Amino acid sequence: MQWVETTTTVRFNEIDQWGIAWYGHYFAWFELGRMKVLERFDLLPKDFAAAGLIAPVVRASCQYLKS
136 MQWVETTTTV RFNEIDQWGI AWYGHYFAWF ELGRMKVLER FDLLPKDFAA
186 AGLIAPVVRA SCQYLKS
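Mapping of the sequence shown onto the numbering used here: residues 136 to 202, in sequence order.
Hints were generated in silico from the structure; no laboratory data involved. Take these hints with a grain of salt, some might be off.
[As the list claims (entries may be wrong)] Distance ranges between label pairs, derived from CB positions:
#, residue 1, residue 2, range
1, LYS201, GLU140, 18 to 24 Å
2, TRP138, ALA190, 17 to 23 Å
3, TRP138, TYR161, 17 to 23 Å
4, GLY187, TRP157, 33 to 39 Å
5, TRP164, ILE189, 21 to 27 Å
6, PRO180, MET136, 20 to 26 Å
7, PHE165, LYS201, 17 to 23 Å
8, ARG175, GLN152, 34 to 40 Å
9, VAL192, MET136, 18 to 24 Å
10, TRP153, ALA186, 44 to 50 Å
11, PHE162, LYS201, 15 to 21 Å
Quick caveat: nothing in here was measured; it's all calculated off a predicted structure. Where a beta carbon is used, it is the ideal one built from N, C-alpha and C, also for glycine.
Given these sequences and hints, build the entire structure.
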């Protein structure tokens, strides 16, 4: 299995009053990772469309654990 790693900066509006990243933003960050995987293989969403393909996310889940 190949790994793709990316980083992002958590912005002020993405944290709660205790300075912890709010869980509601996690899936937006997952999408950044998904785009990074496509980029790693030189694929762009427009390439899928041009080929008549779609790649929707049909199921996503997350288990929230304390750090």
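Structure-based check of all given hints:
1. LYS201 with GLU140: 18 to 24 Å: With a Cβ separation near 23 Å, LYS201 and GLU140 satisfy 18 to 24 Å, so the hint holds.
2. TRP138 with ALA190: 17 to 23 Å: holds (20 Å)
3. TRP138 with TYR161: 17 to 23 Å: holds (19 Å)
4. GLY187 with TRP157: 33 to 39 Å: holds (38 Å)
5. TRP164 with ILE189: 21 to 27 Å: holds (23 Å)
6. PRO180 with MET136: 20 to 26 Å: Holds: the Cβ-Cβ distance is about 23 Å, inside 20 to 26 Å.
7. PHE165 with LYS201: 17 to 23 Å: Cβ of PHE165 to Cβ of LYS201: about 19 Å, so the range 17 to 23 Å holds.
8. ARG175 with GLN152: 34 to 40 Å: Because 36 Å falls inside the window, the suggested range holds.
9. VAL192 with MET136: 18 to 24 Å: holds (19 Å)
10. TRP153 with ALA186: 44 to 50 Å: Holds, since TRP153 and ALA186 (Cβ atoms, about 46 Å apart) stay within the stated range.
11. PHE162 with LYS201: 15 to 21 Å: holds (19 Å)
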